[in-house]
Amino acid sequence: MESADLRLETARDVVVAHLEGELDLSNARGVGEAIRRDLSNDARALVVDLTGVTYLDSAAIHVLYRLHTRLHERAQRLWIVVAADTPVAATLGLAGVLTSLPTAPSVEAALRALGDAVEDG
Amino acid sequence: MTGAQDAPGPGAGQVLLHPRGVAEVAPPSGQLAALYRLSDPGLSELSLEPLLDELLRRVREILDVDTVAVLLLEPEGTHLRATAAKGIEEEVEQGVRVPVGRGFAGRIAAHRAPVAIRDLSRADVVNPILRQKGICSMLGVPLIAEGRLVGVLHVGSLVPRVFDEQAAALLEIAAVRVAPAIERAQVLEALEHEHRGAVALQRSLLPGRLPQLLGAELFARYLPSRDLVGGDWYDVIELADGRIGLTIGDVAGHGVRAATLMGELRTGMRAYALEHHSPAEVLGRVDRLLHSLQGEGMATAGYGVVDLDAASMRFAWAGHPPPLLIAAGRTRTLDVTPAPPLGVVPYARFPETEVALGPDDAIVLYTDGLVERRGESLDVGLERLTATADELAGSSIEDLTHELVERLVGTAGTADDIAILAVRIPRQPTRLELQLPADPAVLAPVRRALRRWLAQWDPGPDDAFAITLATAEACTNAVEHAHSPGPASFALSASHEDGTVTVTVADRGAWRAPRGRHRGRGLALMHDVMDEVDVERSEDGSTVRLRRRLGS
Chain F
1 MESADLRLET ARDVVVAHLE GELDLSNARG VGEAIRRDLS NDARALVVDL TGVTYLDSAA
61 IHVLYRLHTR LHERAQRLWI VVAADTPVAA TLGLAGVLTS LPTAPSVEAA LRALGDAVED
121 G
Chain H
1001 MTGAQDAPGP GAGQVLLHPR GVAEVAPPSG QLAALYRLSD PGLSELSLEP LLDELLRRVR
1061 EILDVDTVAV LLLEPEGTHL RATAAKGIEE EVEQGVRVPV GRGFAGRIAA HRAPVAIRDL
1121 SRADVVNPIL RQKGICSMLG VPLIAEGRLV GVLHVGSLVP RVFDEQAAAL LEIAAVRVAP
1181 AIERAQVLEA LEHEHRGAVA LQRSLLPGRL PQLLGAELFA RYLPSRDLVG GDWYDVIELA
1241 DGRIGLTIGD VAGHGVRAAT LMGELRTGMR AYALEHHSPA EVLGRVDRLL HSLQGEGMAT
1301 AGYGVVDLDA ASMRFAWAGH PPPLLIAAGR TRTLDVTPAP PLGVVPYARF PETEVALGPD
1361 DAIVLYTDGL VERRGESLDV GLERLTATAD ELAGSSIEDL THELVERLVG TAGTADDIAI
1421 LAVRIPRQPT RLELQLPADP AVLAPVRRAL RRWLAQWDPG PDDAFAITLA TAEACTNAVE
1481 HAHSPGPASF ALSASHEDGT VTVTVADRGA WRAPRGRHRG RGLALMHDVM DEVDVERSED
1541 GSTVRLRRRL GS
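Heads up: the protein sequence lines correspond to chains F and H, in order. Residues in the first sequence are numbered consecutively from 1, following my numbering. Residues in the second sequence are numbered consecutively from 1001, following my numbering.
Calculated from the structure, these hints are not laboratory results. Here a beta-carbon is modelled for each residue, glycine too, at the ideal position from N, C-alpha and C. One should not assume that every hint holds.
Here are the computed distance ranges between Cβ atoms for each label pair [what the hints assert, rightly or not]:
hint: 1; chain 1: H; residue 1: R1332; chain 2: F; residue 2: P102; range: 26 to 34 Å
hint: 2; chain 1: H; residue 1: T1260; chain 2: F; residue 2: P102; range: 38 to 46 Å
hint: 3; chain 1: H; residue 1: D1458; chain 2: F; residue 2: S100; range: 54 to 62 Å
A short list of chain H residues far from chain F (calculated; beta carbon distances all over 12 Å) [stated by the list, open to error]:
hint: 4; residue: N1477
hint: 5; residue: H1527
hint: 6; residue: D1528
A few chain H residues that don't get close to chain F, going by computed Cβ distances all over 12 Å [unchecked claim]:
hint: 7; residue: V1256
hint: 8; residue: D1335
hint: 9; residue: T1500
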């Protein structure tokens, strides 16, 4: 199995999942389950930080979409952080993630957007 | 013959014979000579089984008896166990055990004196086999070596016979001559058993099987010492990002302690390596680990990280013989910045060195048993190793390893144990052909192997990304679809012609239509990034053919 490191961090009521390494069929589902296991019902949103991910495949994209569906059912929001012009951004673009899920170029930008959303709401 | 019925004398019908000096009753000279030969130096070098066999054969012939048997005292000293027999082989086959002090043999052992039975039907015997065989008369003597009881030797006759003092004296001569040899053989056998146990322990502490790695050929051997248990080890650790950790080491000293310390150090190095520490850091940590372990211990060791993408090895060495590099047919030992062995100097530092590896270059790690000879400096051994490896340039990694051992150590066994580990990074083939297990764990190594193969065609970053992604998706499909009894596999081939790369991935699984909203995504990605995608599905499996023109 390819090793991908997962580090969870909570900023107020937002959980940030920092991922590093390569995500594929061998580990994507496990990573998705680990994130969901540690995501409390109190959390308002989840930010999945793919900045440190160097490769992801359709299995990982499948997990991202499933996370989105599960969170949506619990009225929680999902943001994806991905740096522009990287192979990972290219794959996400091809799979429609960039146009169908909220994305930000950095964790700070995602948190800011989420904060604005609270103020707006 | 003297009847001695006083307690604690022998049981009914048994006659306790007074032990006598051999000289008191002189047997015929020819028989005596044959019995004296039981202490031949040649005989005393036999291991236990052939020694007893020879003893029984001679005794049976000289005393002209029908049965002869040896029961040896068990280590606990409470029972005798039938160990060898002629004429009453059942005794051994059935594993007859007689308590010391009871029955015929037990009384001989307890009294350390010969016992004769004239009529077995009237005697008190423990072992029913003696009666079942129809033995009428018996004579037995103790086997005593340097005052210690070793066992009992007895003979029997199927016809009534009076075993007189002369017969007893003859049997005693045989017993006296052979008892020390039996004891020696027993001790050696126990040591041999212990040695085998320790060698088995040593082997169990070494890797069972080396990992199968794409892009690297590996081969290792461990040769135990002829007489001693050693503490040599090797290990191969699959690290992330296409890197391979190689360890080699040698715990000072011999025996089970050296072997167990070896196990601890190998595990320690593996654990630190898996945390992705640098070679210097891995050796530094395992050095502190060794200092922290109770008792004194010292080991020489080396740790190298082979980077398949960068085609290089970065290594640090702790007082260990230098690695060998066979590059472009020329062999040399690598320059190692000197550092102390592990467990010697507190807070020792282990400088790192890096070496570039060309196509088909090989690295050999080994322990000193391969090069060291008594009374010779290590430099001479290293020169011999280098010269021998030079002669073997071009052979496979497996042949190289076997031949180095064969030519440097021979087949007669080795005084010191030897560990040898060789790795080669083969030249990239023009056409890549891989047979792969249908296991998700194979996907990351396949992506790296494909990228390294692609590099020779000088692709742009977009080409490399597209071809890797599409191939990986095809492989993911193959892994998911492969169903077959037993371990399933799939085939990957990649070729380049006129600026176009063609990749074929074929599995033997039944094609399953994409399920759910997202399941067709892999195929969609392939279409997005490749010029051509053909999928052939049949009963026997599916084949995906991908094409992309480089620079398009």
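Hint check:
| no. | hint | result |
| --- | --- | --- |
| 1 | H:R1332 <-> F:P102: 26 to 34 Å | violated (58 Å) |
| 2 | H:T1260 <-> F:P102: 38 to 46 Å | violated (57 Å) |
| 3 | H:D1458 <-> F:S100: 54 to 62 Å | violated (36 Å) |
| 4 | N1477 | violated (9 Å) |
| 5 | H1527 | violated (10 Å) |
| 6 | D1528 | violated (5 Å) |
| 7 | V1256 | holds (36 Å) |
| 8 | D1335 | holds (33 Å) |
| 9 | T1500 | holds (21 Å) |
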